[in-house]
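Here the working numbering is used: position 208 in the sequence shown is 208, and no number is missing along the way.
Keep in mind the hints are simulated off the structure, nothing from the lab.
Fair warning: there could be bad hints in the mix.
Unchecked claim - Pairs of lysine-lysine residues, derived as PhoX-like cross-links and limited to a Cα-Cα distance of at most 20 Å, are as follows: (1) K82 / K107; (2) K82 / K60; (3) K106 / K44; (4) K60 / K88; (5) K82 / K168; (6) K47 / K131; (7) K168 / K107; (8) K168 / K106; (9) K47 / K107; (10) K47 / K82; (11) K60 / K13; (12) K44 / K107.
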Amino acid sequence: MAQENGANTGKKKIDLSNRPNDHLVIQFGHTTWTGVPDTIAMGKFSKSFNVYFMFDFPFKSNPKMSLGAGVGIGSDHIRFSKVNVGIKEIGSTLRFTNVRDTNHYKKTKLATSYAEVPLELRYSANPETGKGLKFGLGVRVGALINAHTRNVDWQNRNGNLINEFSVKESSTRYFNKTRFVGTFRVGYGNFSIFSSYQLNPTLRDGVGPTARPFTLGLMLSGL
């Protein structure tokens, strides 16, 4: 009886030597504030825009799994409908005042920007080419850089334009200086659908609603 030759039945070795480990991440999504009372009228088309430069560290035991880490900027742009956001007022609370029955701005936006460190546990079905199915689960830690409102077009209660101009007001006194965000994404190739949820409120305790941004959008990433 002939002896069988020892065959190599192991899995194909994954070679990542020609794949760059640094990449740019761009995210654009629709954002809503959770935990906001009905008395605060939210506007349409609130959004988030994030840009990160990240490095990928594959696991030696399983190169399909990796850890991504990097730095970047994250920003939320929350719109309100006929609501005055008193970001420059001197009171102990940030007031969101319904101005529907008086003269008001046509558009009001509250924007916050953060310097962020994203961390992500990743799975790639084809890490050599990057063209397969991908999953990612992670967190972002951010430090507040700026918070401001932008109001556009002064109009009367009936919506008729009184004066066409814009006003920008900045202050960070009502906002938490640090934020923690949970993230998830699933995609194919360079494109993914991502979601994120801020784990702590945007505003400091006791100064306003316990608003936490939730975002769903599209992501472009090399890995």
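Status of the hints after comparison with the structure:
no. : hint        : verdict
1   : K82 / K107  : holds, 8 Å
2   : K82 / K60   : violated, 55 Å
3   : K106 / K44  : holds, 12 Å
4   : K60 / K88   : violated, 52 Å
5   : K82 / K168  : holds, 16 Å
6   : K47 / K131  : violated, 28 Å
7   : K168 / K107 : holds, 12 Å
8   : K168 / K106 : holds, 14 Å
9   : K47 / K107  : holds, 14 Å
10  : K47 / K82   : holds, 18 Å
11  : K60 / K13   : holds, 11 Å
12  : K44 / K107  : holds, 10 Å
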